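Trainee: Put together the whole structure using the sequences plus the hints.
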Amino acid sequence: MTQGRRIGISLLALVIATALWLPLVHLVFSKPASSFFQPTAVSPRARELAARHLQLWTDPKLRERELQRMRASNAEWDFMGRSFLVWSLANISLRDPATRPGNLETMDRIIEETIRLEQQEGITFFLMSYAKTNSYVVQPARSLFIDGEIALMLAARRMVEEKPEYKELLTQRVNVIADGLQRSPHLLLESYPNECWMFDHCIALSAIRLADHLDATDHSQLISHWIAMAKQTLVHPESGLLTASFTTKGKPLDGPEGSTLWMVAHSLQILDEDFARDQYQRTRKELGETLLGFGYAHEWPRSWHGPADVDSGPIIPVLNISAGSSGMAFIGATAFGDEAYLKSLSTTLDFAAFPKRKSGALKYCASNQVGDAALLYAATLGPLWEKVNKGLQ
Amino acid sequence: MKTNLANRFWNFCSADFLSPKDLIRHAVLIVLAFGVAHAFGLREYTSFLNGTTGSTELGYELSALLGLIYLLLYFATVLLVPILFLAALLASLWHKFHKSNLPLK
Numbered sequence: 025m026t027q028g029r030r031i032g033i034s035l036l037a038l039v040i041a042t043a044l045w046l047p048l049v050h051l052v053f054s055k056p057a058s059s060f061f062q063p064t065a066v067s068p069r070a071r072e073l074a075a076r077h078l079q080l081w082t083d084p085k086l087r088e089r090e091l092q093r094m095r096a097s098n099a100e101w102d103f104m105g106r107s108f109l110v111w112s113l114a115n116i117s118l119r120d121p122a123t124r125p126g127n128l129e130t131m132d133r134i135i136e137e138t139i140r141l142e143q144q145e146g147i148t149f150f151l152m153s154y155a156k157t158n159s160y161v162v163q164p165a166r167s168l169f170i171d172g173e174i175a176l177m178l179a180a181r182r183m184v185e186e187k188p189e190y191k192e193l194l195t196q197r198v199n200v201i202a203d204g205l206q207r208s209p210h211l212l213l214e215s216y217p218n219e220c221w222m223f224d225h226c227i228a229l230s231a232i233r234l235a236d237h238l239d240a241t242d243h244s245q246l247i248s249h250w251i252a253m254a255k256q257t258l259v260h261p262e263s264g265l266l267t268a269s270f271t272t273k274g275k276p277l278d279g280p281e282g283s284t285l286w287m288v289a290h291s292l293q294i295l296d297e298d299f300a301r302d303q304y305q306r307t308r309k310e311l312g313e314t315l316l317g318f319g320y321a322h323e324w325p326r327s328w329h330g331p332a333d334v335d336s337g338p339i340i341p342v343l344n345i346s347a348g349s350s351g352m353a354f355i356g357a358t359a360f361g362d363e364a365y366l367k368s369l370s371t372t373l374d375f376a377a378f379p380k381r382k383s384g385a386l387k388y389c390a391s392n393q394v395g396d397a398a399l400l401y402a403a404t405l406g407p408l409w410e411k412v413n414k415g416l417q
Numbered sequence: 095m096k097t098n099l100a101n102r103f104w105n106f107c108s109a110d111f112l113s114p115k116d117l118i119r120h121a122v123l124i125v126l127a128f129g130v131a132h133a134f135g136l137r138e139y140t141s142f143l144n145g146t147t148g149s150t151e152l153g154y155e156l157s158a159l160l161g162l163i164y165l166l167l168y169f170a171t172v173l174l175v176p177i178l179f180l181a182a183l184l185a186s187l188w189h190k191f192h193k194s195n196l197p198l199k
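Heads up: the sequence lines are chains P and U, in that order.
25 is the number of the first residue of the first sequence in the numbering used here; add one for each residue after it.
95 is the number of the first residue of the second sequence in the numbering used here; add one for each residue after it.
Quick caveat, the hints were computed from the structure, so don't treat them as lab data.
Every value quoted in this text rests on a predicted model; they were computed, and no experiment measured them.
Among the clues, some could well be false.
Unchecked claim - Covered by chain U, per the in silico footprint, the following chain P stretches (three or more residues, Cβ under 8 Å):
1. 31–40
2. 43–49
3. 96–105
4. 331–339
5. 391–399
Every residue gets a Cβ at the ideal spot worked out from N, C-alpha and C, and that includes glycine.
Mentor: See below:
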């Protein structure tokens, strides 16, 4: 046999082997969706992720190292990692009351430290540096990003168990947000100087909704006005998706962004259920993908060209996979019971996010603390929203 | 003993280009390289994928480079190695069924 013929046979064998193997790879990493999320119990994955986060809050050295790594890239992640963890622990506590005492202790520690840092260092401590270079349109400067997430942390904690000291703190935040929205000519508040975010508005309105539930207040008119305004002025016409960011006058700064939309759709579930489902379905159609059994998400729809940024994370070319959007897609998939998509996302997570397990604790090396906390939230969400929607105490 | 080991290693290393043995040899080398990267803890540095540095001491660029090395070796192990083994198997079967006179070096 000639050398050329032998090489030709080997090349053909490589092509056949590739065609055989690639469609099968996902089976190596595939697990039932229930290993990630269970609607009535805490899934094994959620327990492992929670164990890692509780370790971070009991081991100061470990936490310091993790925070340093994240803050070197983005101070926001430090803050959001706290928020997602508190919201997750609230859901876990409601789903598994045996975990409540330890979880409440951690939630209180996080909330108190976060508020202390905000007061000591100012709002810019948890913001990216450009928050310091321009001045806010509305003075005195406040960031809806900070107010909304702290309010939702306080409300989530109180949904698990009442803490009188937090009642006043929550009322103050809710009043600041509600008054600010009502005073704003366009019902919009800044997170950064003249930069308003859909994500932050939906989180803040969710916090108000929880506060209404807890304290028998009524901001339903404000919420419905805001939703009506958003449907009318903040929707990207080509895709029907909500835009991610805009000025205080409602002029779009970014188009629809995956790292925003999955969470926005979930937040809308307690604000306007039909609109929430509509946004999820559109986001899923425009941004969600499954290829050879692996699920992932784009940051932008085809009708909008945006750059990779700190929210999207680096975008893998050709397939346009965004780490940020793919991570947040877990929240959408679990919130809307999209089991097939969740299973494919979970397969990708085990394939390409490099899980590392130690003593019952799990972290994803390709992620970071905020990424893992968002995954933990996706793996535990449900009980808080159910309580509000069903009017349960 | 030393000569014997050296011979065996040399035999392993020498193979015709793209012969089944060559494919297996490459698969083994990839697995070994990945094993070394894994043992040295390079998995931790894959956080560059979300823009987070793997180590503040090493800095973002060096951490990202280590993460990228791990990433390439990992995907080579998970995607390429089974393909190389399968291709070696298929090529060997072809040679066997066609009673090739070429030795599977």
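Trainee: Each of the hints needs a verdict: does it hold here or not?
Mentor: Verification of the supplied hints:
{"no.": "1", "hint": "31–40", "in the structure": "holds (count 7)"}
{"no.": "2", "hint": "43–49", "in the structure": "holds (count 4)"}
{"no.": "3", "hint": "96–105", "in the structure": "holds (count 4)"}
{"no.": "4", "hint": "331–339", "in the structure": "holds (count 3)"}
{"no.": "5", "hint": "391–399", "in the structure": "holds (count 3)"}
Checked against the numbered hints given earlier, the structure satisfies every one of them.
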